[in-house]
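Starting from the known structure of chain A, fit chain B onto it as the hints suggest.
Residue numbers (the numbering used here), protein chains in the order written: chain A, 1 to 290; chain B, 291 to 805.
Hints were generated in silico from the structure; no laboratory data involved.
There is no bait here: all hints are sound.
Cβ pair distances, simulated, as ranges:
| no. | chain 1 | residue 1 | chain 2 | residue 2 | range |
| --- | --- | --- | --- | --- | --- |
| 1 | B | Asn545 | A | Leu91 | 29 to 35 Å |
| 2 | A | Phe271 | B | Ala510 | 39 to 45 Å |
| 3 | A | Ser68 | B | Ile362 | 49 to 55 Å |
| 4 | B | Met319 | A | Ser68 | 46 to 52 Å |
For glycine and all other residues, C-beta sits at the position ideal for the given N, C-alpha and C.
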Amino acid sequence: MTDTYSQFSVLSLYSAMGLYAVAFILFTLDLSGLAPAKLRLARIGLSITWLGFALQVIATVLRGLAASRVPWANMYEFAMTGTLMIMLVFLIVNLKWDIRYLGAFITGFVLLALGISATRYYVEVVPLPPALQSYWLVIHVFVATLATGFFALGFALSLAQILQERRERATNEQQAARWAWLSRLPNSVNLENFAYRLIIVGFVLWTFTLIAGAVWAEKAWGRYWGWDVKEVWTFIIWTIFAGYLHARSTRGWRGSRSAVLAMIGFAAVVFNFTVVNIFFKGLHAYSGLS
Amino acid sequence: MSPQSENVTNPRLSPVGWLRWFWRQLTSMRTALLLLLLLAIAAIPGSLFPQRSSDPNGVTAYFANNKNLAPILDTFQLFDVYASAWFSAIYLLLFISLIGCVVPRVAYHWQALRSAPPRTPSNFARLPAHDSFVTTADTALVMEKARALLRRRGYRVAAYDTKARRTLSAERGYARETGNLVFHAALVGVLVTVGVGSGGGFTGQRVIYEGQAFANTLLAYDTFSPGRFFDASSLTPYTVRLDSFTTVYEEKNPNAIGQPTDYTADVTVQLKDQAPEKAVIKVNDPLRFGNTDIYLLGNGYAPQVTVRDPEGRIVFADTIPFLPQDKNLTSVGVVKLPDGLSEQLGLVGFFYPTVSKGHSGAFFSMYPDLVDPVLTFNVWKGDLGLNQGVPRSVYALDTSKMTKLTGQKTKLSSLELRPGETAQLPEGLGSVTFDGVKKFVSLDIHKDPAQGWVLFFALTSLGSLLFSLFIPRRRVWIAVSGSSVEVGALARNDDPTLDASVAELVAQLRTELGT
Numbered sequence: 001m002t003d004t005y006s007q008f009s010v011l012s013l014y015s016a017m018g019l020y021a022v023a024f025i026l027f028t029l030d031l032s033g034l035a036p037a038k039l040r041l042a043r044i045g046l047s048i049t050w051l052g053f054a055l056q057v058i059a060t061v062l063r064g065l066a067a068s069r070v071p072w073a074n075m076y077e078f079a080m081t082g083t084l085m086i087m088l089v090f091l092i093v094n095l096k097w098d099i100r101y102l103g104a105f106i107t108g109f110v111l112l113a114l115g116i117s118a119t120r121y122y123v124e125v126v127p128l129p130p131a132l133q134s135y136w137l138v139i140h141v142f143v144a145t146l147a148t149g150f151f152a153l154g155f156a157l158s159l160a161q162i163l164q165e166r167r168e169r170a171t172n173e174q175q176a177a178r179w180a181w182l183s184r185l186p187n188s189v190n191l192e193n194f195a196y197r198l199i200i201v202g203f204v205l206w207t208f209t210l211i212a213g214a215v216w217a218e219k220a221w222g223r224y225w226g227w228d229v230k231e232v233w234t235f236i237i238w239t240i241f242a243g244y245l246h247a248r249s250t251r252g253w254r255g256s257r258s259a260v261l262a263m264i265g266f267a268a269v270v271f272n273f274t275v276v277n278i279f280f281k282g283l284h285a286y287s288g289l290s
Numbered sequence: 291m292s293p294q295s296e297n298v299t300n301p302r303l304s305p306v307g308w309l310r311w312f313w314r315q316l317t318s319m320r321t322a323l324l325l326l327l328l329l330a331i332a333a334i335p336g337s338l339f340p341q342r343s344s345d346p347n348g349v350t351a352y353f354a355n356n357k358n359l360a361p362i363l364d365t366f367q368l369f370d371v372y373a374s375a376w377f378s379a380i381y382l383l384l385f386i387s388l389i390g391c392v393v394p395r396v397a398y399h400w401q402a403l404r405s406a407p408p409r410t411p412s413n414f415a416r417l418p419a420h421d422s423f424v425t426t427a428d429t430a431l432v433m434e435k436a437r438a439l440l441r442r443r444g445y446r447v448a449a450y451d452t453k454a455r456r457t458l459s460a461e462r463g464y465a466r467e468t469g470n471l472v473f474h475a476a477l478v479g480v481l482v483t484v485g486v487g488s489g490g491g492f493t494g495q496r497v498i499y500e501g502q503a504f505a506n507t508l509l510a511y512d513t514f515s516p517g518r519f520f521d522a523s524s525l526t527p528y529t530v531r532l533d534s535f536t537t538v539y540e541e542k543n544p545n546a547i548g549q550p551t552d553y554t555a556d557v558t559v560q561l562k563d564q565a566p567e568k569a570v571i572k573v574n575d576p577l578r579f580g581n582t583d584i585y586l587l588g589n590g591y592a593p594q595v596t597v598r599d600p601e602g603r604i605v606f607a608d609t610i611p612f613l614p615q616d617k618n619l620t621s622v623g624v625v626k627l628p629d630g631l632s633e634q635l636g637l638v639g640f641f642y643p644t645v646s647k648g649h650s651g652a653f654f655s656m657y658p659d660l661v662d663p664v665l666t667f668n669v670w671k672g673d674l675g676l677n678q679g680v681p682r683s684v685y686a687l688d689t690s691k692m693t694k695l696t697g698q699k700t701k702l703s704s705l706e707l708r709p710g711e712t713a714q715l716p717e718g719l720g721s722v723t724f725d726g727v728k729k730f731v732s733l734d735i736h737k738d739p740a741q742g743w744v745l746f747f748a749l750t751s752l753g754s755l756l757f758s759l760f761i762p763r764r765r766v767w768i769a770v771s772g773s774s775v776e777v778g779a780l781a782r783n784d785d786p787t788l789d790a791s792v793a794e795l796v797a798q799l800r801t802e803l804g805t
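Next up, chain A with everything else stripped away, as it sits in the complex (with noise of 0.2 Å):
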């Protein structure tokens, strides 16, 4: 049964990147402004990245199945996991606010992030090491991934805030437009608020994950807090967010400024799960790969 699982998850996943590669392509050319507005290229590329996203889903669900226990032990799930959340928040957020023009963001970084994982970092099902037989690996994990979902939105509405305001700025000064697709998004205050009241929810999430993950620190390793690698850089994260909301209380760093701590507490979390999960030496080796 656990092959016949796993086999069907990897299909299905294969199946909800071949999904995210079309969502992908629609929702660029609809930014892109190259193709006829009536073609609604957009609402289209969404209602296929929903049909990835529930390929995805259940690519996920047969991988915990096939393992008997949650799908997020190694680094291959840890990415299925990831990116799965990444496009939950997206598309409920979406239910919320319009933002189908992150759509070509969202889908080409779970794109890569899932090519890269199914190619480079596959491993078999496997049971859990001891060390890892815990319910804080449900919560503390899920909550991590959930965090990085809102953090990526961040990221991306961030980015797509420091472009609008250039632009803004170049049209006041009565400059030649650029950028032209930028003036479908909503304008640089709006973006940052969309950016902003998504950050609040991951940092609640993040530091949830730092206080569970020491906790469950303590009850593995005997300490709560040992300055292992992973959690030194779970605090970085933690550190440059909080410095992001202060950021926009300081005179002088509201706009632009506070975007790119955004931006860059966001590309950390990244570092965080590939270069520190991959060459870093700690505790936290469960990328399972040898």
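Then chain B, alone, in the frame of chain A:
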């Protein structure tokens, strides 16, 4: 400097003035922000270089591999980043800045909590959000409805009337500032309790094999690191005996054969003058006993070895923990024989729980469980270096003054033993018997008197963070003059839903008034 320019003075600051200036700078938001970012950057080197606190072996290896660079890095405390002067300076400044920023705000907020909302501004058009409508309803009714409506939404309401108009001033979201202040105070609490805990507690390690007991006294520990204020005589007197240690290995999944899936240490614990109790220690499930926490952090095999002299008298009989070298638990250990035989001998042992022979003829272990255990010894003769009184590791043999008698590069092959077997030592020195093998566990025993408080403050900071980020703090004013009703609002923090809240308020008021 010319005399003239001295007369054209900049305002000169007295020492107190300078202090004030410095304090204002330190407690400004900009400084807090820079210190936060600096702290993030300063934490990075600790993940690039091995740290003495978390990876002492890594530091030793780094020194061995980078003989010139390592001492230089060490002068900058790059192997003790999180205890270094510069890292401590940053976070202490940050916390001073935090306290200096928060304390005045506490006083200010205390005032705000006890005073009525401020007077109504005259011009609503200047407010970031405003709306107005016309109603035929009686002014008194409008005021009554508006007040009730604001109250229901958690606003504190005060009336300010003039001849021209009647107004209500309302404010809500005081809990946002309360939450923000509690959050920062709780962070100070975390810092203080972390410090108290590390100073007042201890961590110690001890290896025990099946059947062996350990008494919780300073001398019984293999390694012991007390906090600055820890008094070793305050160790709770108790004993821990390892009754048995069970490991479960994966046997079905072809991708994970031999991977451990469960470790269970069955122990008997006994407080002084009390009845013994049975207990279990597992990974992720420490034993909380006698004011300490006992963790299962490592395990391996401990062969039982007996050495006899040529006459058959026992000169050595012990159970020796061997250090695991790989995932199939090929293990290495040392037997030191300083007296009893005609020469000082050192035996370097390799233990293979399930032995197999490679192409080169060398042994290796192919499975971590005890299927076909074999113990081999290389025998060394000479000076063990124990007579100088220098402490030596029990896991390593200093062979600088010793001669190898068996094994590679000698004429004799290594001694090779299965459980129960005896082999003769070379040169008629005596014999070695492999009596059997036991399992050992490595226990970490900790005491942190403040860790419950650390958790308390951490959870308080998390809870108050929710208030601080998600409760909108806003002021709303309603002015009624004749048939015109004006509503204006002002956000006191980030509040992206201000406009929506005004619109909702107006709509609700109009519904209730029927206009």
